[in-house]
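K.L.:
Just so you know, the sequence shown maps onto residues 1 to 477 in full-length UniProt numbering.
Simulated from the structure, these hints should not be mistaken for laboratory data.
Computed from a prediction, not measured in an experiment: that's the story for all the values here.
Just so you know, not all the hints are guaranteed correct.
[To be verified] Derived DEER-like restraints, expressed as beta-carbon distance ranges: (1) Ala271 to Ile137: 31 to 37 Å; (2) Ser257 to Ser443: 52 to 58 Å; (3) Thr267 to Ser115: 34 to 40 Å.
Idealized CB from N, CA, C, for every residue including glycine.
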Amino acid sequence: MHLITVVAIGLAMVSKTTAILIPSSPPSSAKPVDSSLLSVSIEFFTFPAYTQIQATTNCLANIATLRGAEPAIRIGGTTQDRATYNPTLSTAVNYTVASPADAPASLTYGPSFFSLASQMKGDVTVGLNRQLNNQAITLQAAQQAKQSIGNLFAIELGNEPEFYASNSPVIPSGQSWNQDTDAASEKSWFSTFSGSVGNIFQGAVYLSWNAGGLLSRIGSDGARFLKSISRHSYPQSACGGASTNLPSLMSHSGIVSYTRQYQSEATAVHAVGLKYFLGETNSATCGGGGISPTFGAALWIVDYVLQGALNGVDRLYFHQGTIGNCAYCFWGTSSIFTPYYGVAFVSEFLGTDGAKVAMLDDGTSAIGVYVVYSSSNVPLRILVLNSNYFDGSGTRSPTSVSFTGLSTSSSTKQAKRLTAPNATSRSDQGAAVTIGGSASFASNCARAGTQNTESVSANGGSMSVSLQAAEALIVFL
């Protein structure tokens, strides 16, 4: 255990951890890191509009540059179960809304929808409609997706079916709708479609039901149709006026506790040779609420992505919703939002050479400490995160974290800091959210400013770093 003690230095209160040993090789708790660990989900109806925004191309390219692999793309969400394929439609999508901020109650889409999807550089997963029970039309869409998208990874059939209304056409007459009847429905659709498109399905797509529970219900003869299992996950809810809480969202110990729920599902899914994804995730449901566009949410992303990997999640797909009405989105038509800074920072920590990640703290305090290892088991970088909440009032207390076990007895290490004036800071409102002192992102997601590093003195195989409340730091070993 690494206990937190508090000592007085002058008039400031400084938290200090006991020295943390950097293992020279990955500890048994280290977990492999998928090259597309941090990926992106885009709401179905608005996907074509995202392809017209330059920031979409640049933001995805930034991640690919930092990780050495393209982020995967999932196209789906609530509106996939409102969408009907029209093979003669000349436009990618067609719908009517009262306000641009609204999502359509129904929509149609055509072959060019899949042409746009084929332009995505990473693995593409497409979510199709099961709720309306028009199997013939959905099969046509699946066949077109398979024909058009060369990098098609998987097809989903239905989104969060536990929330289907009792009068949904897919629910058999006279039957109750529960996980058992849904599993039978999924298996039947997989079997019908597989002859035309192959065994390329992403199953479950649940928010509240146990995703691994699908496997026990469809058996091995059903699992053969699958490539992956998708679980949806949002730590908080902003639906129906529900209150959200930023200190709770960004809490390191809270994130450690929350993500433990993935372990059993991931184990069950991996045991049958499938990938386990958080196929749609973000900070809070219904667009994210007031906590989502903040710097605290950027820090949450850093911690959450790493904890996901440590608990067996192969990829986390962060959902991007209605353009112009999406608090948790990473980018829009004219702004790059604060959470994206967390995306870039954790991507740089994992790097193009990161193969395994381990947590070095015990998960019970506000201080998170991670180390990433190369494929040859050499420690590459340390990430230290101070999740103590600071809203701009009072004293922003620093924390000192000491390390031992450095491979060189005496040298200077370089570090890069992710910081902002406080946890509620928003770059889209002019706050100075920065990586490396002055680096930020232009409105089209091109990198702006200069990323500078700080020198950290290392002597006798030891070093110490200091972080203010609500900051993160990468140390390059």
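K.L.:
Hint by hint, say whether it matches the structure.
P.N.:
Now the hints, each set against the structure:
| no. | hint | verdict |
| --- | --- | --- |
| 1 | Ala271 to Ile137: 31 to 37 Å | holds (35 Å) |
| 2 | Ser257 to Ser443: 52 to 58 Å | violated (37 Å) |
| 3 | Thr267 to Ser115: 34 to 40 Å | holds (39 Å) |
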